[in-house]
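Take the sequences, apply the hints, and build the full model.
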Amino acid sequence: MSAALGSVSYISSTINAHHASASILAISIFDLAINLDVEIEYLQNLRFGISKVFFVLCRILPLSLCSLRVAEDLTAPSKMVELCPIFVQAFNWNGAVILACAEYIFLLRTCALWADNKSVVYLLRTGFLVSFLGAFTFTGLASYLQPATYNIPDSHTHLTGCFSSKGKTNGSGVVPFVLMLALELETFCFTVLKFVRNYRSSFRGRMITSIVHHGVLYFTVALFLVVPVIITDLVGYDQGAVFGLIQIVGQAMAVTRMQVHLWAANLRPQTELPLPMTTIHFATEARAPEEI
Numbered sequence: 001m002s003a004a005l006g007s008v009s010y011i012s013s014t015i016n017a018h019h020a021s022a023s024i025l026a027i028s029i030f031d032l033a034i035n036l037d038v039e040i041e042y043l044q045n046l047r048f049g050i051s052k053v054f055f056v057l058c059r060i061l062p063l064s065l066c067s068l069r070v071a072e073d074l075t076a077p078s079k080m081v082e083l084c085p086i087f088v089q090a091f092n093w094n095g096a097v098i099l100a101c102a103e104y105i106f107l108l109r110t111c112a113l114w115a116d117n118k119s120v121v122y123l124l125r126t127g128f129l130v131s132f133l134g135a136f137t138f139t140g141l142a143s144y145l146q147p148a149t150y151n152i153p154d155s156h157t158h159l160t161g162c163f164s165s166k167g168k169t170n171g172s173g174v175v176p177f178v179l180m181l182a183l184e185l186e187t188f189c190f191t192v193l194k195f196v197r198n199y200r201s202s203f204r205g206r207m208i209t210s211i212v213h214h215g216v217l218y219f220t221v222a223l224f225l226v227v228p229v230i231i232t233d234l235v236g237y238d239q240g241a242v243f244g245l246i247q248i249v250g251q252a253m254a255v256t257r258m259q260v261h262l263w264a265a266n267l268r269p270q271t272e273l274p275l276p277m278t279t280i281h282f283a284t285e286a287r288a289p290e291e292i
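So for the sequence shown, full-length UniProt numbering puts the first residue at 1; every next one is plus one.
Simulated from the structure, these hints should not be mistaken for lab results. Owing to the predicted nature of the structure, the values given are computational and were not obtained by experimental measurement. Note that beta-carbon positions come from the ideal geometry of N, C-alpha and C, so glycine has one too. Don't take each hint at face value.
Pair by pair, the computed Cβ-Cβ distance ranges are [as the list claims (entries may be wrong)]:
#1 V178 x K79: 28 to 38 Å
#2 L267 x T157: 54 to 64 Å
#3 L267 x K79: 20 to 30 Å
#4 V130 x A76: 16 to 26 Å
#5 H213 x I246: 45 to 55 Å
#6 N117 x R257: 27 to 37 Å
This is how it looks when you write it as structure tokens:
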């Protein structure tokens, strides 16, 4: 442990982490509720396919992930040894599935831009398979080679949850996140490259522009959320799981919002805006008398 289990600072940080987990669950439920009608309409107009399945998983699984985290936080000390390994493993694998779904949706958008170049599409999909097969492998190996042991807090602390005795790790836990960042960087670079090529050819469609804007935003959000997870894992911070929860829920929420926004933008007709009256009046007054 990085701090004494019964110290005031550790108790305070643990309580704050529990509150943060409950808040993330509440935000996820609220976000789903206020966007449910739009997302149902989106799914009804989307043909059945892997993107539709992954979209649903990115909306449903974060709720189960947050619920697992809250249930872990509420685990009584008497049930810690029995329930904590189950909660932790379920949390890790649930989060891995959510990230795989979110990254694949992000990847599909870039593959659509490069539909005329099969070599790039194969390269992107191969990179996805290699990255996530490696991530799942390292996740399994880390769980097997470094099994967590749990410390039961003193009764006077009144703490609930799972408290694993870990210090600084050997870095194996950050490998999946590094692989994911490499995949996101590859996808982002190909998205920008396609936009630059279309820009030079004077073809700048609204959909392509939206996809590029989304790509920049998604990569920025992912980088902003993943870096704290990597740092907390390397230093063995006890409440690092909260940062992981924020990262997974944040990326899933971002990619689903982008999909719905892209669909809504595609529905809007591309019509020319009428000139305002001041512009028409100015153009008329500027004509020569013989031209009017």
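Evaluated hints:
1. V178 x K79: 28 to 38 Å: Roughly 35 Å apart at Cβ, these two residues keep to the hinted range, so it holds.
2. L267 x T157: 54 to 64 Å: Since L267 and T157 have Cβ atoms about 55 Å apart, the given range 54 to 64 Å holds.
3. L267 x K79: 20 to 30 Å: 51 Å, violated
4. V130 x A76: 16 to 26 Å: This hint is violated: roughly 42 Å between Cβ atoms.
5. H213 x I246: 45 to 55 Å: 23 Å, violated
6. N117 x R257: 27 to 37 Å: Check passed, 28 Å falls within 27 to 37 Å.
Of the numbered hints stated above, those contradicted by the structure are hints 3, 4, 5, listed in ascending order.
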